[in-house]
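Go ahead and model the full structure; you've got the sequences and the hints to work with.
Chain residues, written in single-letter form:
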Amino acid sequence: MTTPLLSIEGLRVEYRSSTGAVTAIPDLTLSVAAGESYGIVGESGCGKSTLLMAIMGHLGINGFATAGRILFDGRDLLQASAQELMRMRGHGISMVYQDPSAALNPTMKIGRQLMEVPLQHDGASPKEARARTERILTDVHLPDPASVMARYPHQLSGGQKQRVVIAMALLANPKLLLLDEPTTGLDVTVEAAVLDLVGELRDKYGTALVYITHNVGVVAKVCDRVGVMYLGDLVEEASVKEIFANPRHPYTRRLMACVPRLDHDKHTISFLPIPGQPAPLHARPQGCCFGPRCTGFAPGLCDRAIPLEAVAKGHLVRCVRHERDDLFAPAPQELVVPVEARDETVLAAEHLGKVYDLGGTLFGMGSGRQLIANEDLNFEAKGGEVIAIVGESGSGKSTFARVLAGLQPATSGRLLVLGQDLAQLGAKQRTPQQVGAVQMVFQNPDATLNPSHSAGFPVARVLRKFGKAKSGRETRERVSKLFEMVRLAPHLQRQRPGRLSGGQKQRVAIARAFAAEPDVLVADEPVSALDVSVQAAIVNLLLQIQKTQGTTIVFISHDLALVRHLADHVVVMYLGKVMEIGPVRALFEPPFHPYTEALLSAVPVPDPTVESKHIRLSGETPSPINVPKGCRFATRCPRKVGAICDDVVPPARDNGDGHLIHCHIPLERLRQVEPIFQPEAAG
Amino acid sequence: MVAFVLKRLVGLALTLLAASFLVFVVTEFSPGNVARKTLGAYATPAQVDLLYQRLKLDDPLLVRYGRWLGVLTGILRDPLQDPDLKLDFRDPRGDRYFGNFGYSTLFKAPVNDVIWDRLKNTALLAGIAFAIIVPLSLVLGVLAGMREGSWIDRTISIFGIVTTSIPEFASGVFLFVIFGFWLGLVPGTSPLTTSAGWSIASQLLLPVLVLVLYDSGYVVRMVRGSMAEVMNKPYIRTAILKGLPHRAVVTRHAVRNAMIAPFTIILLQINFLISGVVVTETVFAYPGFGRMLLEASLSKDISLIEAATLIALTIAIVTQLLSDIGYALLNPQIRLS
Numbered sequence: 001m002t003t004p005l006l007s008i009e010g011l012r013v014e015y016r017s018s019t020g021a022v023t024a025i026p027d028l029t030l031s032v033a034a035g036e037s038y039g040i041v042g043e044s045g046c047g048k049s050t051l052l053m054a055i056m057g058h059l060g061i062n063g064f065a066t067a068g069r070i071l072f073d074g075r076d077l078l079q080a081s082a083q084e085l086m087r088m089r090g091h092g093i094s095m096v097y098q099d100p101s102a103a104l105n106p107t108m109k110i111g112r113q114l115m116e117v118p119l120q121h122d123g124a125s126p127k128e129a130r131a132r133t134e135r136i137l138t139d140v141h142l143p144d145p146a147s148v149m150a151r152y153p154h155q156l157s158g159g160q161k162q163r164v165v166i167a168m169a170l171l172a173n174p175k176l177l178l179l180d181e182p183t184t185g186l187d188v189t190v191e192a193a194v195l196d197l198v199g200e201l202r203d204k205y206g207t208a209l210v211y212i213t214h215n216v217g218v219v220a221k222v223c224d225r226v227g228v229m230y231l232g233d234l235v236e237e238a239s240v241k242e243i244f245a246n247p248r249h250p251y252t253r254r255l256m257a258c259v260p261r262l263d264h265d266k267h268t269i270s271f272l273p274i275p276g277q278p279a280p281l282h283a284r285p286q287g288c289c290f291g292p293r294c295t296g297f298a299p300g301l302c303d304r305a306i307p308l309e310a311v312a313k314g315h316l317v318r319c320v321r322h323e324r325d326d327l328f329a330p331a332p333q334e335l336v337v338p339v340e341a342r343d344e345t346v347l348a349a350e351h352l353g354k355v356y357d358l359g360g361t362l363f364g365m366g367s368g369r370q371l372i373a374n375e376d377l378n379f380e381a382k383g384g385e386v387i388a389i390v391g392e393s394g395s396g397k398s399t400f401a402r403v404l405a406g407l408q409p410a411t412s413g414r415l416l417v418l419g420q421d422l423a424q425l426g427a428k429q430r431t432p433q434q435v436g437a438v439q440m441v442f443q444n445p446d447a448t449l450n451p452s453h454s455a456g457f458p459v460a461r462v463l464r465k466f467g468k469a470k471s472g473r474e475t476r477e478r479v480s481k482l483f484e485m486v487r488l489a490p491h492l493q494r495q496r497p498g499r500l501s502g503g504q505k506q507r508v509a510i511a512r513a514f515a516a517e518p519d520v521l522v523a524d525e526p527v528s529a530l531d532v533s534v535q536a537a538i539v540n541l542l543l544q545i546q547k548t549q550g551t552t553i554v555f556i557s558h559d560l561a562l563v564r565h566l567a568d569h570v571v572v573m574y575l576g577k578v579m580e581i582g583p584v585r586a587l588f589e590p591p592f593h594p595y596t597e598a599l600l601s602a603v604p605v606p607d608p609t610v611e612s613k614h615i616r617l618s619g620e621t622p623s624p625i626n627v628p629k630g631c632r633f634a635t636r637c638p639r640k641v642g643a644i645c646d647d648v649v650p651p652a653r654d655n656g657d658g659h660l661i662h663c664h665i666p667l668e669r670l671r672q673v674e675p676i677f678q679p680e681a682a683g
Numbered sequence: 001m002v003a004f005v006l007k008r009l010v011g012l013a014l015t016l017l018a019a020s021f022l023v024f025v026v027t028e029f030s031p032g033n034v035a036r037k038t039l040g041a042y043a044t045p046a047q048v049d050l051l052y053q054r055l056k057l058d059d060p061l062l063v064r065y066g067r068w069l070g071v072l073t074g075i076l077r078d079p080l081q082d083p084d085l086k087l088d089f090r091d092p093r094g095d096r097y098f099g100n101f102g103y104s105t106l107f108k109a110p111v112n113d114v115i116w117d118r119l120k121n122t123a124l125l126a127g128i129a130f131a132i133i134v135p136l137s138l139v140l141g142v143l144a145g146m147r148e149g150s151w152i153d154r155t156i157s158i159f160g161i162v163t164t165s166i167p168e169f170a171s172g173v174f175l176f177v178i179f180g181f182w183l184g185l186v187p188g189t190s191p192l193t194t195s196a197g198w199s200i201a202s203q204l205l206l207p208v209l210v211l212v213l214y215d216s217g218y219v220v221r222m223v224r225g226s227m228a229e230v231m232n233k234p235y236i237r238t239a240i241l242k243g244l245p246h247r248a249v250v251t252r253h254a255v256r257n258a259m260i261a262p263f264t265i266i267l268l269q270i271n272f273l274i275s276g277v278v279v280t281e282t283v284f285a286y287p288g289f290g291r292m293l294l295e296a297s298l299s300k301d302i303s304l305i306e307a308a309t310l311i312a313l314t315i316a317i318v319t320q321l322l323s324d325i326g327y328a329l330l331n332p333q334i335r336l337s
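Sequences listed follow chains U and H, in order. Note that the numbering used here gives residue 365 to position 365 of the first sequence, counting from 1, and the numbers run on in steps of one. Note that the numbering used here gives residue 125 to position 125 of the second sequence, counting from 1, and the numbers run on in steps of one.
Calculated from the structure, these hints are not laboratory results. The beta carbon of each residue, even a glycine, is placed where N, CA and C say it ideally should be. Please note: incorrect hints may appear among the correct ones.
[What the hints assert, rightly or not] Non-contacting residues of chain U with respect to chain H, defined by C-beta distances greater than 10 angstroms in every case (computed): (1) 168; (2) 203; (3) 307; (4) 369; (5) 413; (6) 465; (7) 659.
[What the hints assert, rightly or not] With a cut-off of at most 20 angstroms between alpha-carbon atoms, the simulated EDC-like pairs for lysine to aspartate or glutamate come out as follows: (8) H:233 - U:181; (9) H:233 - U:589; (10) H:7 - H:324.
Below you can see the structure in the form of structure tokens.
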């Protein structure tokens, strides 16, 4: 074997503070060959970002690499001087960051930020630097590089910014590119395009990649080899095909069982969340760090130092009992049986619309502009059903949630909840019964809980407000019951939200919502900020609560695989309008609306043997202020018929069983498409 | 951007109008009647009654405000200059001109003869102090915030807290003891006349030093806080991991972003330096604007109070406008939206 490009040997990283030192990475060894794509998978706090920062030599003022070596091109980066590190960052290793909006300087034009790299490291003249920057911007498929360079970051979309960040990394001609969750937070179609770009640039420049992510699907798509990290340890390492076909470590196997898949749903499979939480860094368990959460933990075996063991060629596992089956046997109570929908319409939207007046003229005079957030929404949900609303940012799905919850009134149409029209009623005008009937769970649990109140407080307040509990004792009992229902330990009622994990906070938010005994629960991206295993646990919890309470859930999400798992009916929205609506199975099979088809083909499938059809949308989502007159999707539709799409609102084509597709293409032609996912041809 | 500035200018004029009304109301309605205040404590009741009628002080408030505004803008005659009143109020500019603030009873001179000299003196003091405070605080603040927790940071932060917490009268006396009493370099008072043999520059030294010490500690801390926050931003990490040297990271990427938040605070110091330095001016017997305002208030010199307050307000509103414009210039997200 030739010398690897990057070789990490026995790396130990500690963070020191006035209260003592914690070890983020105890002893890590891995190597990446030139031109290879290495994926590191793990959940928050597993040390994957620390690893990248250790490679870049930027651990911050309290981070220290206290043992081991990081050899890059034969030189130990841990011994490098500041000058050498600068040169290495400019010519050897560069980085692509999560959240491109934050990674770019808001007060400097894109061009200057990019040109800095060749100006600093290659001694290029400003003219040369400009020429090179324009060339690289063309390589990352940004149209009109000169105009991009003259703009500030806030004038670009998220996807464009990430392309700029990638261009910045490429300007250094790196041999190794570190990618830190580069597509987290981007829309699925944008994510697919960025991943395509990464693959294409890798082919073109032969750059090696280290790609860290929590999204197993992304790993399957872009990586050759995968390392799984847990609590700073590499617990398993194998080729991407091997790890998906034959995961050995209990953590890897559990993690895989938490990933929603497009070929299964809640009726055919249950997520298997990992019990408990990762140990805190200062109380690292003896021996196997996953031991305390492992169903196959054996005292005397697992609490001793565990070596990495080769189980096949290139497949390493840090587990002494990986051949035993009991490691993975799911307990029967972990299986989730979803509730059957009742034949009673709980929620119905009829020609619902929401328009914002933007004013925007001097002193409020003149004709204002209008932003059409929702237009002509028609759908209904039965009791005990999960109806999912999917779409990218700007599709108007959150606006609908706000109207439903009474945070904003609708501007037209009706919104019936249990037969009562709530469309024009804000939460203030609704009766307590009407408010209690519709409850919300929001995306970001950190922002929804008041940090100065204990976790039990909001739940108790809802109980009193809606008269669900009269006396103090009754309130306390009900709060305890609700905490039990969301599987939170009773003592957490008195904790401040700051001391709870993200998953626990979201459970408190769910308990708060269910305290009002709602008929409709609106969940606006409730799990998108959470780790996969936590997400799986929350989804299971929602299904279990729904089983006992019979609540209708409106689940708003951009994650199609999750929607496939959870939903009974799906509404696909684009620019404020419904493109397609139908039962979940019908929606994920042809005929598709061309937009649904594009969304589906963009989903990274957590299986390296599956090839997805390659449909990419060009351009950006048009502004909701100047919406296309005909079909909203016409400007980006890959299957556009002709001028009719621009000018005429498409008809709803009925595929039976409530499956409607709003498209000018007749159903027969929509039906004649290949399936999106194809198992790879043998060989 | 032009529309933005125009819009703000219109707003400025309206604010000023509203503010002038409030100033008028507050000063005219302070205890005691206007005629008595104008004539002083030794006037006979008959004189006061006569003036009261002449000034038509029985009229409704809005009418009187309108009349005052008319005198100010030069539309109406100043009633106090009427020779019939035998007040001996004479203004060489005449009794009808734009910017007629009336007659100061304290200084026995038209307000315009008194106020602008005082304002000039204060502007001199404030200008020199501001010209030192801003660059000094920016440099120290950036140096401190650049590496949070370093010894430079700690030294500068402690220096800032100490200088801000010493009151001006204490530091004034303390500095005089060193520079005036022991070293004999500067005089103890700064009347801005050269009759005592001290140069104007030597008279300015101590007041400027007191103001710089007192005010820069505060500004340094603001700049430091903002700088430290910016240095923890992801885009600074991007700049570092691009392989830029530390100096370039700070000067090119951090400083401009770190200026956005303290910019307003820095401009607010102008207001403080013009009208808030009463203590320093009093300690050094400096013939400044703040001290004049204090004296006018103590002797109920209505016209002078009204004029001085209006000028101070104008300065405050103009600096606010400047800070809004500067904020937009520094922050492209605001400028281009």
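These are the hints, each one checked on the structure:
1. 168: Violated, because the least Cβ-Cβ distance between residue 168 (chain U) and chain H comes to about 7 angstroms, which does not exceed 10 angstroms.
2. 203: Residue 203 (chain U) is indeed farther than 10 angstroms from all Cβ atoms of chain H, at 25 angstroms.
3. 307: holds (34 angstroms)
4. 369: Consistent with the label, residue 369 (chain U) stays out of reach of chain H, its closest Cβ about 14 angstroms off (over 10 angstroms).
5. 413: Non-interface label stands for residue 413 (chain U): nearest chain H Cβ at 32 angstroms, farther than 10 angstroms.
6. 465: Consistent with the label, residue 465 (chain U) stays out of reach of chain H, its closest Cβ about 38 angstroms off (over 10 angstroms).
7. 659: With a cut-off of 10 angstroms, residue 659 (chain U) remains clear of chain H, as the shortest Cβ separation is near 42 angstroms.
8. H:233 - U:181: Distance of about 17 angstroms is within 20 angstroms: holds.
9. H:233 - U:589: Violated: residue 233 (chain H) and residue 589 (chain U) sit about 45 angstroms apart, past 20 angstroms.
10. H:7 - H:324: holds (12 angstroms)
Going through the hint list in order, the structure does not satisfy hints 1, 9.
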